[in-house]
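**Q** Residues per chain are reported as follows:
2 protein chains.
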Amino acid sequence: MNIQEYMQSLGKDARAASRHIARATTNDKNAALLAIYRALEANQAQVLAANAQDMANGQASGLEAALLDRLELTPSRFAGMLEGLQQIIALTDPVGAITDLAYRPSGIQVGKMRVPLGVIGIIYESRPNVTLEAAALCLKSGNATILRGGSEAIHSNQAIATCIQQGLIAANLPATAVQVVSTTDRAAVGELITMPDYVDVIVPRGGKSLIERVSKEARVPVIKHLDGNCHVFIDREANISKAVIIALNAKTHRYGVCNAMETLLVDAPIAEEALPQLAALYRDKGVELRGCIRTATMLDCALATEQDWYEEYLAPVLAIKIVSGLDEAIEHINQYGSHHTDCIVTENYTKARRFLAEVDSSSVMVNASTRFADGFEYGLGAEIGISTDKIHARGPVGLEGLTSQKWVVLGDGHIRG
Amino acid sequence: MNIQEYMQSLGKDARAASRHIARATTNDKNAALLAIYRALEANQAQVLAANAQDMANGQASGLEAALLDRLELTPSRFAGMLEGLQQIIALTDPVGAITDLAYRPSGIQVGKMRVPLGVIGIIYESRPNVTLEAAALCLKSGNATILRGGSEAIHSNQAIATCIQQGLIAANLPATAVQVVSTTDRAAVGELITMPDYVDVIVPRGGKSLIERVSKEARVPVIKHLDGNCHVFIDREANISKAVIIALNAKTHRYGVCNAMETLLVDAPIAEEALPQLAALYRDKGVELRGCIRTATMLDCALATEQDWYEEYLAPVLAIKIVSGLDEAIEHINQYGSHHTDCIVTENYTKARRFLAEVDSSSVMVNASTRFADGFEYGLGAEIGISTDKIHARGPVGLEGLTSQKWVVLGDGHIRG
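The listed protein sequences correspond, in order, to chains F and A. Each residue of the first sequence is one higher than the one before, starting from 726 at the first, in the numbering used here. Each residue of the second sequence is one higher than the one before, starting from 726 at the first, in the numbering used here.
So here's chain F without its partners, still in its complex pose (with noise of 0.2 Å):
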């Protein structure tokens, strides 16, 4: 069997399955989770023996350290994951919610009812925990997944993937509801993107080489996550004290994170009080400060290029714009930003109201770190990613983003005259 093959026999299989996880009940999927979580359980051993086998090959072909990091699993991580595993066997199913059921003038009644997309291609890199996450959002949102993780987790995740089906098998599920791509050909990931017939979305989860070329080549729709150039404005009426803590803690809490700042925006007339102050704790924390020439001569630091403006450093560096007031900030935002997360410090209701209407983000805030922008502060339970797409899901997606409504309409013998 040639990887297309392969690939297409995967697919069928899913397809097949999906349509039994579809119509499982609540009670049915949750048991299969729980039976996947006592097949980890079980298997500890084994998965993290198959970890440790995969972290040797990574070490021996010279892995780079922080890509090591994320494919191992300690005993620690581990039991991070089948924590992870209970809060999702804990969240409300969405499948068959059925909503605004209501009787038209013809007579009919028309509803919508939330229905499972179908079946999900989960493409990821080399973080085994992806694999227990991603299949049991899946399942619990009743759509059945093909998961192609790095090729360095091969081993990890075929481990986890045992205990995954152990666990489908003794809640009478079908064991291909959830499949792990076996082969690491890259030739897998061109198969998977561009078989409509059997795959109804994609979910690339990784760094950006990866979700270009995926949105690039699919021939399905993909909830892709690109950049996060996330801002903070602070505004003229700020509280001083609240823009302080806030601007802070979205660069500094974590810097890797997606929902980071990375350009801080600061109103012409309450720089002088906000800057330096904010200068001196970013510097505390080792943050390199890139600013306008007005922030650079203010703040004596480098002077930002037009390419600042653009970037996601990922890192403890931050771009400072000081912007003439509002209407200068929404349109800075709007251009240079990412369109995921963007935030506005201010007391003034009008501007608070107009920053949330016309700022062109997945999440727009006021008077919160952008650091809350994720599925778990937003209610979601855990996430599959967040978007930075308008169609379909955007921002966080959790479960709900995992379905679709279908059209319900109850008559009594109605026919269109």
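Calculated from the structure, these hints are not laboratory results. Using N, Cα and C, we set each Cβ at its ideal position, and we do this for glycine too. Please note that the accuracy of each hint is not assured.
[Stated by the list, open to error] For the chain A half of the interface with chain F, some residues (derived, Cβ under 10 Å), not all of them: (1) G821; (2) M838; (3) V926; (4) N964; (5) L1039; (6) A1082; (7) A1093; (8) R1119; (9) Q1130; (10) V1133.
Given chain F's structure and the hints, the job is docking chain A onto it.
**A** This is chain A only, laid out in the frame that chain F set:
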């Protein structure tokens, strides 16, 4: 300027206009729609003259009768266009609605705000009324539009576009909020569907080959409508008189529409009672019947081939299959159908409930004609199309389908700990 440069310039202008139109108030947008109405009224003679030119060109080049009919704008069709525009003015503006705003444990309030998609590209055939309807729906939902109609309608479309632009200018909205591609070069379509920086979604309206081409080549999301292979299943517990009127209406109310029934499934125990009377009614209407072996024997009609079960006839032809019960009906529909609209006729509660849950179609119905699958009948007011996709919008797509939701977070100096 070559085609690529021309389309890029339309795209850039549309992107800029989309920012204005996204924050226009409902009153602003309605004022523009009303001004367009008045401009069309004032310029009816010019629009009809332009259409007469297209008709003459079409006749000279041997355009087939059905296409000429779609192309033609009579005074009564023109009046119908204006009436449709009035209905769109009367629709509720979806933009800005905030839902589900609730406190999270952290103290922030999180909700969703409905926002325009941005720039929508519409590709359609030579039906000038689509130019106005699509432009009006996009404008009302706060989106900029680039319209690319069939080349045979170029003069009609330009004349309508002139009125639209007069209306936009009269209402102080950017004229570039609605742009009609002025070249008939087919390369314009290829450019329009591959400008992700300037176009957020493509809506192709037209025949299958157009939609397949767009889906295959697009680099931006597509809201597409493929086949409507719709079914009615008459269950053994159906009220036969309801079943007969529904099955007759679903097939014969109109033949060339996507929500017409194409295959009738009849439960074996009531086939002898239901089928002969239905067959007589269909034959009265001149409907050609193609049956499974049992049906063909019972009704003395032609034998359906395997291909018939896949067919969207759009014609007075009906495939009929006798099935062994609900399970076979659901399986047949999910396998051969196009996931558009399917109906069960039954008095049995549990079977109705199972059909609604298990048939994987954009509209599922109990005891109602498939002909109801329509934006107007569903209360959407007007539809830009009927989506057979699962992502984003499914089934009839109205104003809401041309919008998305962003997250809104309200805090009071909240930071993540």
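**Q** Which numbered hints does this structure break?
**A** Number 5 - this is the single hint that the structure violates.
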